[in-house]
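A.B. asks: Chains as they are written, first to last, in our numbering: chain A, 1 to 102; chain B, 1 to 502.
Careful, some of the hints might be misleading.
Chain A stretches covered by chain B per the calculated footprint, using a threshold of three residues with CB under 8 Å from any CB of chain B [as the list claims (entries may be wrong)]: (1) 15-26; (2) 29-35; (3) 38-46; (4) 58-65; (5) 75-88.
Calculated directly from the structure, the hints in this document are not laboratory data.
Where a beta carbon is used, it is the ideal one built from N, C-alpha and C, also for glycine.
Here is how the chains run, residue by residue.
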Amino acid sequence: MPEVTTAHYIFLSTALFTIGTIGVLTRRNVVIILMSIELILNAVNINLVAFSKQLLSINGQAFAVFIIVDAAAEAAVGLGIIIALFRNKETINADEIDLMKW
Amino acid sequence: MQPSDAIAILPEIILTAAGILVMLLGAFFEKSERIAAGATYAGLIAAIIAVAVQFNHPVAAFGGVFLADSFGCFFRLLFLLIALLVVLSSSTYLHREGLSAAEYYALLLFGTVGMGVMASANELILVFIGLEISSLASYVLVGFRRDVPTSSEASLKYFLLGSFATAFFLYGVALMFGSTGSTRLTQINEAFNTALRGQSAGTPVHPAAANLAVSTQFPASLVGVAIALMFVGLAFKVSAAPFQIWTPDVYQGAPTPVTAFLSTAPKAAAFAAFLRIFMVGLGAYSGRWSWLLWIVAVLSMFLGNLGALLQANIKRMLAYSAIAHAGYVLVAFTTHSADGVAAVLYYLVAYAFMNIGAFLVVTHLGGRGERYLEIEDYAGLGFRFPFLAGMFSIFLLSLIGVPLTAGFLGKFYVFRAAIHGDLVWLTVLGVLNSGIAAYYYLRVLVSMYMSAPAREVPCEPLRAPERLALAISVVGTLYLGLFPQNVMDLATQAAQWLQQAR
């Protein structure tokens, strides 16, 4: 079986990053946009852990733990904001959130 | 943790403790407004004293991860001062809008903690943590008027775009870690310097990872991508064009005192992190990023000023002008010299005073439910409320950059640094932009003094805390315009410290 090298991990993480970015830019449902952002954060985690293994440095893994914690905090705040908006506007479609323009 | 480490982060510890206390007071007391405000003032003043004591005793705490140096302390003092002014100008507003004061103050304190961490961090992980602490607090503050659709909408937009930008920044950090083997700014700089020295000596070493044999297999383009991604993330946070889309909406929808806070403190914090990362960490590669700054500075000035020309809402106009002011600061940053950094610091202080002052007047005149925010509501203000109108005029003139005000000297130092850095075109475009900017500020002034009121705008008398905040802002604006030397000395000292750290 061929060995999984750091390059493979970086390829995976780049793919995840791209999917996440496209998701943020094209999806209209705010919750799915939030999920796409989480995807990018996980791409970062894969990168950090792969580099950490490659460089024999624990820093990357420690960083990844911080990012996981932050992702949880961000999801909590984000969903709270989405609920507040839904109470006011009865929609979570990004196209209909348009009270302020230009 | 050694005792000296605890002293270095003492201001942050005090602020966190005060924030938790304020939150608990809000939960346990029925009428917590006054007592919460008291605890907030106490916490902020104690933190200011703790920073002031550190100013001339730089400490590298936690093994050099957290630097309580004069650069960091300069910014922390600025954040604390801004927080104090915003708290002073918020109490009447919160009471009028029926908002929970304790929660608001607690979030403000936590946000300030995050900014202090950002400004002192010598480690990308710590920059990220500080950035998130301050961002999460500001997302909630923007949506603080829960029943108002525009406020929630602004909050959501800020949150989505803000976390998107943070994710970009993080991806850049991860790639930087991969190519240099460290997230410590000084170590990243060492890795680059060693690599560049190796190159000039003729040995074909990999630029990014010369002193780390393990990572030499990564292409140099990795460093380029890392710099670009970190740049995007930070440019978003300072609301520089073309990453400024969120700014007008968020500044318009947020409660006005929060807008005053957002346009000064988190922006200054983002500039602090920006300066430290790019000057210290990536200083060796300045050729790769200074042209990016050039473009972003020009775009921000033009988009900000031209956008502001078209606005009818005063908060939105000031939001666009905030983009333009970020552009002026970036002009000084583009020089990446000690002169330029000092000009950045001076400008941020000057901008804080004049902008908070301007937003204070806007807060007060907005009335209950922020109803009077159109520029035409300011018509005839000069005759009906001469005192308020006079104050507002001083802040607007300072934002234009009229001599004898803080704004003038701020711009003067920025453009002087740009000329010394041989950025003649950038200076020309900057001065041209100051001219464009004069138009929309003057339009408000003209409407205040030369036209009849369009509709009846009620105005309550100013309360004591608002008066104090207004007085501090005016004195600060004029003081920085007349006697720049003291603050400029501190800014120069901080800038030199940053330069030495490379």
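A.B. asks: Which of the listed hints are broken here?
C.D. replies: The structure breaks none of the hints.
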